[in-house]
Amino acid sequence: MQRKLIDFTNLLRKSGVRVSVAETIDSFVALDEVSIGDREVFRDALRATMVKRGEDIPAFEHLFDLYWSAFYDGLRDAFDKAAEGQPGQGKPDLEALMKALQEGMQNLQGKLDLSELAKALLTQDLSKLEQLIRQAAEQAGVGRIENMLQVGFFTRRTMEQMDAEGAGRELRDLARQLREGGMPDEQVDALMALMERYLEALRQSVRQYTERELQQRNFDYMEKFRRESLLEKSFYNLTEDEIRQMREVVNRLAHRIKNILSIRKRRLKKGKLDLHTMLRRNMAHGGVPFEVVYKQRKKDRPKLVILCDVSSSVANVSRFMLQFVYQLQECFNKIRAFVFVSELGEVTQLFKDLEVNQAIDKALDGGDVINVYTRSNFGYAFHHFWKNYLSAIDNKTTVLVLGDARNNYNDPRAWCLREVHNKAKNVVWLNPESPSAWGFGDSVMDKYLPSVDIAEECRNLRQLSRIVDKLVL
Amino acid sequence: MFESVEDVQKRLGAQGYICDKNIATVVFLATKLEKPVLVEGPAGVGKTELAKVVGLATGRPLIRLQCYEGLDEAKALYEWEYSKQLLYTQILKEKLSETMAGATSLRDAADRVGAEDSVFFSSRFIVPRPLLQAITAAEPNLLLIDEVDKSDPEFEAFLLEVLSDFQVSVPEIGTFDAKTKPIVFLTSNDAREMSDALKRRCLHLYIDFPDAELEARILEAKVPGVGQRLAEELVGVMQRLRKLDLKKTPSISETLDWARALLALNATSLDEGLVKDTLNVILKYEGDIKKAQAELGRLIARKADEETAKPGAAPAAAPAPAKKGSLH
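Protein chains in written order, with our numbering: chain A, 273 to 745; chain B, 9 to 336.
If you're looking for bench data, these hints aren't it; they were derived computationally from the structure. Among the hints, erroneous ones may be present.
[Said to hold, decoys possible] Keeping only pairs whose Cα atoms sit at most 30 Å apart, straight-line, the calculated BS3-like set for lysine-lysine is: (1) B:Lys255 / A:Lys530; (2) A:Lys624 / B:Lys251; (3) A:Lys567 / A:Lys544; (4) B:Lys299 / A:Lys624.
Model the full structure from these sequences, guided by the hints.
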């Protein structure tokens, strides 16, 4: 049992569920307390001790079924079917057969030397069989199976490891001895037929076992692949479904950043002694300073102005950037958000009024203030911003520009951005294109670069979260 | 304490808390392994309730620590009672000068005061907060740390010591060990993920929305007199409501509130108008209500089918016997 549990733990770990050694030990202790006979209770006990995150529960349930139920059930089915006999020949009277066998064996006592496998087959000890198969499979290295083509090979090796052939020989030998011992011929024949069928069922089960092993392997491969790829996958190639999953991931990242921030803030919070307040507060103690009061440092929360290109070429980057910003609203002192294609419009109010997905959908749609069905013109948008909103920027403001700087050969008007840069604390530009493409074709990134403090490539979630982290520092 | 998983189910049931086997198993293990339970799940599925009911079923008094942002050691563990210390020094001033009367040098006087300072840093001057209370109580008790996800990440560090060893150390005095280990429940709405170190020390329980059958049983236990027919219709609507994409998905507590509201209106069955008028009991956002109203026909559609299937079905079965210990 312990072996099986440890094996199962490894399987969980491989599929990305974090299970520590202490938790494995907990599960051993827990299983001492509950009856393992009840599958439901058994599963709940394992889940309570090993799986500590809601997201991991589906993976656990899937693996649990694969690992604990499926195989034993398959084994039982195979043997039940074998016991039923050949179709059309009628069901053999198993009980009578077993009784006869017992009597026959008693007569032979002392002369018998059967292997464990043969004994288990004779007595239909399924749990013993399961154990034998697992042992043999482990020795045969079934865990290393990689593809469908190896199933036959590993099945054969496991059978050899169990010495199934030897068990067959022993059983035939037993039949001969039983016959000599005076057991009626037809009963011996029936017994042998049954044993042949059992051996076949065994082979099938071993094959099932190897196939299942392959499935488990594939499952964790798939899961891991999905998770990693979402972080790494370029925003350009996301499917509808992935966008939905992505929202979750972005949410989690935003939460994590908020946590880190709260720790940082707390460390900064306590300043020097605040003598005035301390004296006043300790009047009650006769002026003896029992309560010590420190000056609270002012929270230095950055102001943020976002200029977001919402043309279709960068829509996905914008979507997740906006989602981050929405979730982190409270980490900033003040946020103003603008969207543009060629015209520029403010969508700050949307962030305050609407629920996150609605707000973002609406912002990406131009937020009723701009026309999104035009061609990108960064120069025009920056000029517009410079003309109308320059007052929004002071020396505590970080300006964040999101766009690919593909200007459709319009005038870049880089001086507008330079003016903004002169007033702001920081100008950050996130470009979904790789730096090697900046300045080629109709990209005017090179013209803007002198007025940008931080320019980053931002093509997948990993890069985006790194930048957001930097931003709120 | 509990004898088996079934025993847990039975005794919680006797307190009016209907639970499935999963919850019962975890509660049973928690009492056997003496480990804290971290209960997660959406709001209103009965996480806090579970802790209270386990307290009632085991006869242990409940000590509750409500977490919030900014909760610190002084409010969760213990605090020195400064003003009491001050008062004592004032009162004992004369006694102090007596002690120091024969002192020949300043050093001698300081030594004498020093020898007495354990008087001022003793458990006499400590205000025990919930965690220390739970540890030092003579009676076995049940500690509920509610909404632990609302607390700051660094607060978890204090919790770790308490949860793994059931002890609290006070630097000036020493370590308090638990005389009897309390049963500990932590609840979380998953506002943030708890650290792995904390999770490792806990058993984990995820309570989700109940299925229709369980919800109907809960409803009958909690709101006696609701009647079988109304209960079934109610639960049907709730189950379908939860499938909509709502900002705040209604949970069991909303189901119970709704049932009580309908009962107050003397309703024996649901119709479109009634649902429309009482939607604000179960949905807490304007947008959600609008969304639900648009789907209203579909929400109670199934009910109409049933009605045509069995015309003139007997309304409202006999009210269930009143259950004691309804905790809402």
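How the hints compare with the structure:
1. B:Lys255 / A:Lys530: Distance ~22 Å between Lys255 of chain B and Lys530 of chain A Cα, so the pair holds.
2. A:Lys624 / B:Lys251: Status holds; Cα separation ~27 Å.
3. A:Lys567 / A:Lys544: With Cα atoms ~6 Å apart, Lys567 of chain A and Lys544 of chain A stay inside 30 Å; holds.
4. B:Lys299 / A:Lys624: Holds. Lys299 of chain B to Lys624 of chain A sits at ~21 Å (cutoff 30 Å).
Comparing the model with each earlier hint shows no violations; every hint is respected.
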